[in-house]
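Engineer: Keeping the supplied structure of chain E fixed, place chain Z upon it in accordance with the hints.
Protein chains: 2
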Amino acid sequence: MVVKTLIRNGEYHDSVSLMLIAKELRQMVGVVDAAVIMATEANKDFLRNAGMENDEVKLASPNDLVICIKGEAVDINKALSEAERLLSVKQAAQAIGGGISYRSKTLRAVAKANPNSNMAVISVAGKYAFDEAWEALHLGLHVLLFSDNVSIEHEVLLKEYAHDHGLLLMGPGAGTAIINGVSLGFANVVPKGPVGIVSAAGTGLQEVSTILAKHGVGISQGIGTGGRDLKMEVGGIMMLDGIEALQGDDATKVIVLISKPPDPVVASKIMKQLIKNVKPSVICFLGSEWSVVNKSPSVFPVSTLKDAAIVAVQLSRGEEVKLANQFTNNYIEFIERFFLTIKRLKPDQRYLRALYSGGTLAYEAQVIWKEIVVDKVYSNVPLIIEDKLPDSYKSIGHTIIDLGEEEFTVGRPHPMIENDLRIRRLIQEANDPEVALILFDVVIGYGAHPDPASELVKAVNEARKIAQENRREIVFIASVTGTEADPQKLSRQVKSLNEAGVFVCECNADAARLAVKVINRN
Amino acid sequence: MVVKTLIRNGEYHDSVSLMLIAKELRQMVGVVDAAVIMATEANKDFLRNAGMENDEVKLASPNDLVICIKGEAVDINKALSEAERLLSVKQAAQAIGGGISYRSKTLRAVAKANPNSNMAVISVAGKYAFDEAWEALHLGLHVLLFSDNVSIEHEVLLKEYAHDHGLLLMGPGAGTAIINGVSLGFANVVPKGPVGIVSAAGTGLQEVSTILAKHGVGISQGIGTGGRDLKMEVGGIMMLDGIEALQGDDATKVIVLISKPPDPVVASKIMKQLIKNVKPSVICFLGSEWSVVNKSPSVFPVSTLKDAAIVAVQLSRGEEVKLANQFTNNYIEFIERFFLTIKRLKPDQRYLRALYSGGTLAYEAQVIWKEIVVDKVYSNVPLIIEDKLPDSYKSIGHTIIDLGEEEFTVGRPHPMIENDLRIRRLIQEANDPEVALILFDVVIGYGAHPDPASELVKAVNEARKIAQENRREIVFIASVTGTEADPQKLSRQVKSLNEAGVFVCECNADAARLAVKVINRN
Chain E
729 MVVKTLIRNG EYHDSVSLML IAKELRQMVG VVDAAVIMAT EANKDFLRNA
779 GMENDEVKLA SPNDLVICIK GEAVDINKAL SEAERLLSVK QAAQAIGGGI
829 SYRSKTLRAV AKANPNSNMA VISVAGKYAF DEAWEALHLG LHVLLFSDNV
879 SIEHEVLLKE YAHDHGLLLM GPGAGTAIIN GVSLGFANVV PKGPVGIVSA
929 AGTGLQEVST ILAKHGVGIS QGIGTGGRDL KMEVGGIMML DGIEALQGDD
979 ATKVIVLISK PPDPVVASKI MKQLIKNVKP SVICFLGSEW SVVNKSPSVF
1029 PVSTLKDAAI VAVQLSRGEE VKLANQFTNN YIEFIERFFL TIKRLKPDQR
1079 YLRALYSGGT LAYEAQVIWK EIVVDKVYSN VPLIIEDKLP DSYKSIGHTI
1129 IDLGEEEFTV GRPHPMIEND LRIRRLIQEA NDPEVALILF DVVIGYGAHP
1179 DPASELVKAV NEARKIAQEN RREIVFIASV TGTEADPQKL SRQVKSLNEA
1229 GVFVCECNAD AARLAVKVIN RN
Chain Z
729 MVVKTLIRNG EYHDSVSLML IAKELRQMVG VVDAAVIMAT EANKDFLRNA
779 GMENDEVKLA SPNDLVICIK GEAVDINKAL SEAERLLSVK QAAQAIGGGI
829 SYRSKTLRAV AKANPNSNMA VISVAGKYAF DEAWEALHLG LHVLLFSDNV
879 SIEHEVLLKE YAHDHGLLLM GPGAGTAIIN GVSLGFANVV PKGPVGIVSA
929 AGTGLQEVST ILAKHGVGIS QGIGTGGRDL KMEVGGIMML DGIEALQGDD
979 ATKVIVLISK PPDPVVASKI MKQLIKNVKP SVICFLGSEW SVVNKSPSVF
1029 PVSTLKDAAI VAVQLSRGEE VKLANQFTNN YIEFIERFFL TIKRLKPDQR
1079 YLRALYSGGT LAYEAQVIWK EIVVDKVYSN VPLIIEDKLP DSYKSIGHTI
1129 IDLGEEEFTV GRPHPMIEND LRIRRLIQEA NDPEVALILF DVVIGYGAHP
1179 DPASELVKAV NEARKIAQEN RREIVFIASV TGTEADPQKL SRQVKSLNEA
1229 GVFVCECNAD AARLAVKVIN RN
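So the protein sequences, as listed, match chains E and Z.
Positions 729 to 1250 (our numbering) are the ones given, in order, by the first sequence.
Positions 729 to 1250 (our numbering) are the ones given, in order, by the second sequence.
Worth flagging that the hints you see were computed from the coordinates, not collected in a lab.
Among these hints, one or two may not hold up.
No distinction is drawn between identical chains; accordingly, a pair holds when it is met within one copy or between any pair of copies.
In silico lysine-lysine, PhoX-like type, Cα no more than 20 angstroms apart, as pairs [to be verified]:
id	residue 1	residue 2
1	Lys-981	Lys-1050
2	Lys-1071	Lys-1245
3	Lys-988	Lys-1116
4	Lys-1223	Lys-942
5	Lys-942	Lys-1050
6	Lys-1217	Lys-920
7	Lys-1007	Lys-920
8	Lys-942	Lys-1217
9	Lys-988	Lys-1098
10	Lys-981	Lys-920
11	Lys-1245	Lys-1074
12	Lys-1186	Lys-751
13	Lys-798	Lys-772
14	Lys-732	Lys-786
15	Lys-988	Lys-1000
16	Lys-1116	Lys-1098
17	Lys-1023	Lys-997
Bound conformation, chain E alone (with noise of 0.2 angstroms):
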């Protein structure tokens, strides 16, 4: 193994060209690493650390193209040719196609030739940033500075002029945005939306803008600011102006910040813009402690991207903000939880039982029930006529129970409406010895009980009672049909029912099938 070293003196690359050529140079037969770099004092660095730096590398200034190879001998010569080779065929492509020295010129041609261009998207190396950055505000171009190694003095410089002329910049390192539907840079495809995102971080917002898009949510303008926006040397100028901006957008309903901690100077300014409007918002400035200041009922601080994005749903819709749903932070925890309480039931306890009062979901978990379940399942609305149980009234082996139908809802009203029938029922199940499980379901909105939770949870803590006498344990599965905007509410039903340690799933099919795992839990 050797390392051999060709340095091209005052030669100049882009670094995404020398990435690619050192890229090719590694896929060498013979080669173990391969870096062609300019010999800046961080490049060094880095040679030094990966264990190519020599006499040649040291002396070199950056100006200077280095080209190291480490690999076998006989191969090392070849990979140093295939470089120069590389390099040779880039200056040709660039002096027929415009190089680099010819950008400054080509940014004010083509803002002339396209008068109505309004933002200009920077990404040179960037001891050249600052320049044309300047330029092309001076055009009266926005601007996405996605270069890095733009000096915090030079940031700065850009981000007052800006300011005060009403134009936005973004960076310098903003490797994402999203204006007016068009992703720039580092970027997904999402939907046009009512959430408007502020961020100093690149993969931030586009985790939180895919997380909106997987929820059916879409985006009005996802604001980069750079990394350092919020530095107490920058002030945060850009979040400010961004903050300012989406809170006079009509298309935007909802505004999310995402950053790492900011100065404490800055973050008061910021709760200060956000505090002039009532537009919600949400901020997660991941490891900050900041939420607890918070004072601000339209503020919503948040500790992970995910529950930024989840936040910012529900304010969308218009709903309640909650955040400890076992489908949004939990449900890993739901599931281990529940395999956990199944471990705990006595082998003789076998028997799934499930008493509906929606005909059509008691038939649903007929359907899932036969696809898994080896057993027969018998119910008195049965799929098939040899399914039938013979009693209504009394339960065999598994039996899925439909309350609704005319034998229960002779001179009673229908159980949506009513539990009696439901709660004696359930109590009947949990004095069967080989019971292993109760599932029901609870359906609101117009027309049905006005909490029927609260009902059926009496019912479940006298279930246990039951069962705890008899040094069983018995496990309650429910799911609850119905919307956060129904009269009971949603979130309150599943309250109630979480709190009686019913495992509450986000559906009926999802509660019909983790009552199967019952029957296989050794």
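Structural biologist: Showing chain Z alone in chain E's frame:
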């Protein structure tokens, strides 16, 4: 325990009032059961099964009201007088407010007084229901016929008349409908949107419309047909008219049908009607094997209500239809499989390693791990300086690496573009006998690698081979930041990772949370 009966000849009350009275009686001291019902044959059967029949009841006619109380002898007379008191209060209220006998007149009067009204909701005892519905149709009104116990001959008469006159006859026994955003009968408050539903099942319509609401997708129309509509005798008149109405409705982009399995002749009529139009449709005929005969690319048969909703969500968003996603059908199995897998790890395998391309995702993982894990979490981008990894190229204990940091990207493309370094590091971690689990992110979208999962999967396979050669198991968790519309396609990335046995979570926060379960596995 005794049973006492009181018969009131020729006295009619509506069934809801009687149910409410019976409910009050059942709550009285000493009362075990109570029935207050008209002495129809069905009701007499019910009393016999409940052990409340006697000779008096046997002789009563359907025009007689029966009050039966089962309970303690000392309390039973008190309950009977309470029943009579409640009935007289009820009659007085009817005399003031206008009782049953005025309803028929009222329908015509109401229609006259409100010439813009276009629908009648009819909920009277079955024997009066046909006349009311017939009159409503002749007044030019659509009808939601809530009532049960209408003969099938009457149903056909009503539906044929409605069909010929361009009217809807929903029912009989149609408990649920959502028309132009108004919820009728048993129904939930759901947003307006692109999905139109025709359902022979009330709770089916409720379950599908509420699952859609949970995914942020709304309903254009929810039409109830009544439970017998798809039987041979009725011939699906209402479902066919409903489909045609939705096909012509601009607000409806996706059609969902819900029913028990229809008569085969009716099924083929429905199929013919569906394929007259390019609108995609989802068919949920619960318990049916009908799916196998489907030949139309715009018709999607599903086997559960949940799947009907999930497919409708995907179709309404123009996404590819897929159900085999761990977060639709199989998240329970997903979590279960994960817990079984980590059981196979050796006791020495104690550490988590995370290899990120997205900086903010690495940050989010730290926030989550540090919140849950007792041990120290090292990183090259630590939340606090004490957690700084001494050498970014060498993990210690639980380590989270951001491969997008400068020490890794000098002279190389960012790890979102090129995975070479991440792949090497993944192999390096797999060689460490103390490593239990490797977590990584896959960020797609514009600017990112054209198919990152395929590259990473090769590394996962190689790492797994290393582990196996050392008789170890190794667990991989990932999440994909991206959407279906991205060039790399979310589902394609997830599929590659799934096939390689990687546990793919819905977002990075979920992935980080799941990883921590390894630490406390015993």
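Engineer: Hint by hint, note whether the structure agrees.
Structural biologist: Quick rundown of the hints versus the structure:
1. Lys-981 / Lys-1050: Within. Shortest intra-copy distance 18 angstroms satisfies the 20 angstroms Cα cut-off; inter-copy 31 angstroms does not.
2. Lys-1071 / Lys-1245: both (11 angstroms within a copy, 18 angstroms between copies)
3. Lys-988 / Lys-1116: between (62 angstroms within a copy, 16 angstroms between copies)
4. Lys-1223 / Lys-942: Between copies, since 16 angstroms is at most 20 angstroms while 25 angstroms is not.
5. Lys-942 / Lys-1050: both (18 angstroms within a copy, 14 angstroms between copies)
6. Lys-1217 / Lys-920: between (29 angstroms within a copy, 18 angstroms between copies)
7. Lys-1007 / Lys-920: within (18 angstroms within a copy, 23 angstroms between copies)
8. Lys-942 / Lys-1217: between (24 angstroms within a copy, 13 angstroms between copies)
9. Lys-988 / Lys-1098: Close across copies (16 angstroms), not inside one copy (51 angstroms); limit 20 angstroms.
10. Lys-981 / Lys-920: Close inside one copy (12 angstroms) and across copies (19 angstroms); limit 20 angstroms.
11. Lys-1245 / Lys-1074: Only inside one copy: Lys-1245 and Lys-1074 sit 15 angstroms apart there, 26 angstroms across copies, limit 20 angstroms.
12. Lys-1186 / Lys-751: Intra 67 angstroms, inter 18 angstroms, cutoff 20 angstroms: inter-copy only.
13. Lys-798 / Lys-772: Within. Shortest intra-copy distance 15 angstroms satisfies the 20 angstroms Cα cut-off; inter-copy 95 angstroms does not.
14. Lys-732 / Lys-786: Intra 14 angstroms, inter 108 angstroms, cutoff 20 angstroms: intra-copy only.
15. Lys-988 / Lys-1000: Classified as within; 19 angstroms inside a copy, 58 angstroms across copies.
16. Lys-1116 / Lys-1098: within (14 angstroms within a copy, 55 angstroms between copies)
17. Lys-1023 / Lys-997: within (14 angstroms within a copy, 61 angstroms between copies)
The structure fails none of the hints (numbered hints given earlier).
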